[in-house]
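Engineer: Protein chains in written order, with our numbering: chain A, 1 to 199; chain R, 1 to 622.
These are calculated hints, taken from the structure and not from any lab test.
We put the CB at the ideal spot given by N, CA and C, even for glycine.
Honestly, I wouldn't trust all of these hints.
Said to hold, decoys possible - Below are the DSS-like pairs computed for lysine-lysine, each with C-alpha atoms no more than 27 Å apart in a straight line: (1) A/K2 - R/K12; (2) A/K174 - R/K553; (3) R/K12 - A/K176; (4) A/K174 - R/K12; (5) A/K176 - R/K292; (6) R/K568 - R/K553; (7) R/K308 - A/K176.
What the hints assert, rightly or not - Among chain A residues calculated to face chain R with C-beta under 8 Å, some are: (8) E30; (9) M36; (10) V48; (11) A64; (12) L80; (13) C86; (14) L96; (15) T103; (16) T125; (17) I129; (18) N132; (19) N197.
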Amino acid sequence: MKTTRLVIVAVGGQGNLLASSILAEAALIENLPVRMSEIHGMAQRGGVVESALLFGPGHSTVIAEGEADILVGFEPAETLRALGKCHRESTVITNLAPLMPFTVNIGQGVYPDLKRLQELIRAKTARLIAFNATALAREAGNVLAVNMVLLGCLVETGLLPIRPESVQAAMERKIKPDLLEVNRRAFAAGAAAARQNAA
Amino acid sequence: MHKLLTDRPGEKMLLLGNEAIARGAIEAGVAFASTYPGTPSSEISFQFFQISQESDLHFEYCTNEKVAVEVAAAAAICGVRSMAVMKHVGLNVAADAVMTLAYVGVKGGMVILTADDPAMFSSQNEQDNRYYAKLSGLPMLEPSSVEEAHRILPYAFELSEELAEPVLLRTTTRINHSSGVVTLGAMRPRVTRGRFTKDPLNLVTVPAVSRKLHVKLLEHIARAQALSEASPYNLVEGEGPWGILCNGVSYNYVKDALAELGIADRVRILRVGFSHPLPARRIQEFLRGCEKALVVEEGEPYLEEAAKTHAQEAGLTLPIRGKAPELFSRLYELDPATVRRVTARYFGVADRARPAVDVSDVPPIPQRPPTLCAGCSHRATFYEVRQAAEELGIETVYPTDIGCYTLGLLPPLSMADYLICMGSSTGTAGGFSQVSGRKVVSFIGDSTFFHAGIPGLINAVFNNHNLTLVILDNGTTAMTGHQPHPGVDMKQLKLEHYGRVSIESVVRGIGVPHVTVIKPYRVKKSIEQIKEALSFPGVSVVISQELCVLYAKSLKLPRGKPFRVGEKCKNHRVCMTRLACPAFYVWNDRIHIDANLCTGCSLCAQICPEHAIVPARETAEK
């Protein structure tokens, strides 16, 4: 069995760590070896949160440049910033709804053009799935469920050695019962987006 | 029940490294734990804090790491198993206690955890605390994984009792903040009460006693050396003509690199988990079978220099390399790809890994540094101090300190000029004012003030420095996750039996001649009060009191109503250019306020020259 390496990047508050812990829990349910690391020094202060998940054999808990088989970005500029984690066979899944860094608001730097951003990623990797996950989360009933939209999309691609049922079971363990329904809807919306992309 | 008290040995649980460490300590029967919070160690003590509320574990948040070591040392000399938890730089603060505690020793097991931070994800330096083991003579253990961190705790306590010395347990961020699957072990019952046996000729470190105790320490180090030689945590794996010596997380990268390079059958590994005293004989035996050796370690060449010394003593002349321009750097952290690349180069094998995508044509992406939260009271205080200084025509140095408010460094606030360590704002301000001949204004948080700021303030009063210290009192230790400190009202957390120390009383007690308490959301009044403090020749203190917005939210305190930018806005953008609150955003070339982020602090409304920022609920009326 080979090791599958997944990097998830997000802005603090987007629910990266919950999404990551659901995947790790799902792996535990399947008795699949899993290791995870996270960098969340100042997540609550609007910084970048990066997590690395490694499924299958091995020892490392981090993913170096060029090692990620899958990159999931909850925010488009952050996806682009993390592109160096990928190799030419990688799959990239990204939300297309920007969260403007305050540096842009005070005139330091220009936010990347979304069309160019997608062209760049598409040219350098094997596959790009890009859509407005934030809008789908809002339609599902809660904009904060953007993490579940992207999780649903990721699981639907079948790139992870984890069955969707195990992820659903892990969601039940990790999400408060009153929020479960909206998160399930968001997850399903993300899965549909993945199917649409494949079609 | 707290999940780390689950009494089902053999059950598997996915745990964060810091949770695994706390669970390991609980299994070892730790009965007394202490800390000053610091990333990446903070979650360990948070587990202890929670567990102490539903068990007989004693846990305390201490004013600083030195006190944390002292209370735990006293528990341990009475036979109670104790643990002091800190980040790597915390061990600098505790070092005075630790160095002589090594002479005195312990009876009950004592573990001092130092969480090092290679690459400085959240620290002011990346010092390698393995040298503290060498400096103090204390034994040091270093796990390589979450699972091993859990398993090593009971061993650490037993080792401490066997040697009658505290044990240093060194982790790095990648252990603390990684998660892995841990198999729960049985929990040893806690012994929470101890007995102190008076023995002044061994426990009171006057010179005559210490001369004897140093002899005893050297005997303990010799015994520790023998234990290290036989320790299961110093392990040799594999066969082959090439050797790799490694420690901590580097071991993981080595294992993965050898598998990917397909040379696992040609390389022997010596993984050092008991890293002080180093197992000299085992290192020599290991090197004797090698043609050449590579040392893979983050930070300083601690293992490498020892390996070279031990090789020389054994008359071995094989090449031993580690830190070098073409091999490993002393900077930052290692990662699997770097270790694979360097290993391949050193042993002359091909690295067929797919290269990373070329990102040289990716346009520059705007930075996203962490920033003060929407509604953070520090933003108000920084603005007011800047405004007061400008109105008085004061140009000066702004030394700052360690906490959220260090983020005042960033534009447009730009209110941080000098920082070295916890508490340095108060000491350095005195030096700056003396040599510049000017009033200096420095910033310190409430928890940091208690931790290390008070001696500097006393120094300023005694030496009559011309400075204003602004104490940003947000009622919690915000940066590390809202831990309590001596100024916190613990009743708000529904916790009894705590005292409370008033910062204002401390400041007045020190004899500061000019003390002002401000409410930073009252902008105009605060600026006037700060101007008075800045005009005072000598030491003045401004205490800016307002609860951290995130903490207030966690306490479920009522939140202010959001504001919006109304029709009177003339697009001066003073709000953006002076405050840059993250609740602002630009859309269609106008400033807007995100009602989900706005906490209703009204700072922007008070400084808008057109009074265009109004409560959002008035929208319907206009």
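Engineer: Look at each hint and say if it fits the structure.
Structural biologist: Evaluation of the provided hints:
Pair hint A/K2 plus R/K12 holds up; C-alpha atoms about 23 Å apart against a cutoff of 27 Å. For the hint pairing A/K174 with R/K553, the CA-to-CA distance comes to about 22 Å; that is within 27 Å, so the pair holds. For the hint linking R/K12 to A/K176, the alpha-carbon distance of about 22 Å falls within 27 Å, and the restraint holds. With a C-alpha separation of about 16 Å, the suggested pairing of A/K174 with R/K12 holds against the 27 Å cut-off.
For the suggested pair A/K176 and R/K292, the alpha carbons sit about 56 Å apart, so the restraint of at most 27 Å is broken. Taking the CA atoms of R/K568 and R/K553, the gap is near 32 Å; set against the 27 Å cutoff, the hint is violated. Between the alpha carbons of R/K308 and A/K176 the distance comes to roughly 56 Å, so the proposed pair goes past 27 Å and is violated. Interface hint status for A/E30: violated, as the beta-carbon distance to the closest one in chain R is roughly 12 Å, over 8 Å.
A cut of 8 Å between beta carbons decides the hint on A/M36: the least distance to chain R is about 4 Å, and the hint holds. Because the beta carbon of A/V48 sits about 6 Å from the nearest beta carbon in chain R, less than 8 Å, this interface hint is met. Evaluation of the A/A64 hint against chain R yields a held restraint, the C-beta minimum of about 3 Å falling below 8 Å. A cut of 8 Å between beta carbons decides the hint on A/L80: the least distance to chain R is about 6 Å, and the hint holds.
A distance limit of 8 Å between C-beta atoms decides the matter here; for A/C86 the minimum to chain R is near 5 Å, and the interface restraint holds. At about 15 Å, the closest approach between the beta carbon of A/L96 and any beta carbon in chain R exceeds 8 Å, and the interface hint on this residue is violated. At a threshold of 8 Å, the smallest CB-CB gap from A/T103 to chain R is about 5 Å, leaving the interface hint in force. A least Cβ separation of about 7 Å between A/T125 and chain R falls short of the 8 Å threshold, and the interface hint therefore holds.
Using the Cβ-Cβ criterion of 8 Å, the hint placing A/I129 at the interface with chain R is not satisfied: the shortest such distance is roughly 17 Å. Of the supplied interface hints, the one on A/N132 is violated, with its beta-carbon coming no nearer than about 17 Å to a beta-carbon of chain R, more than 8 Å. For A/N197, the interface hint is violated, since its Cβ never comes within 8 Å of a Cβ in chain R; the closest pair sits about 20 Å apart.
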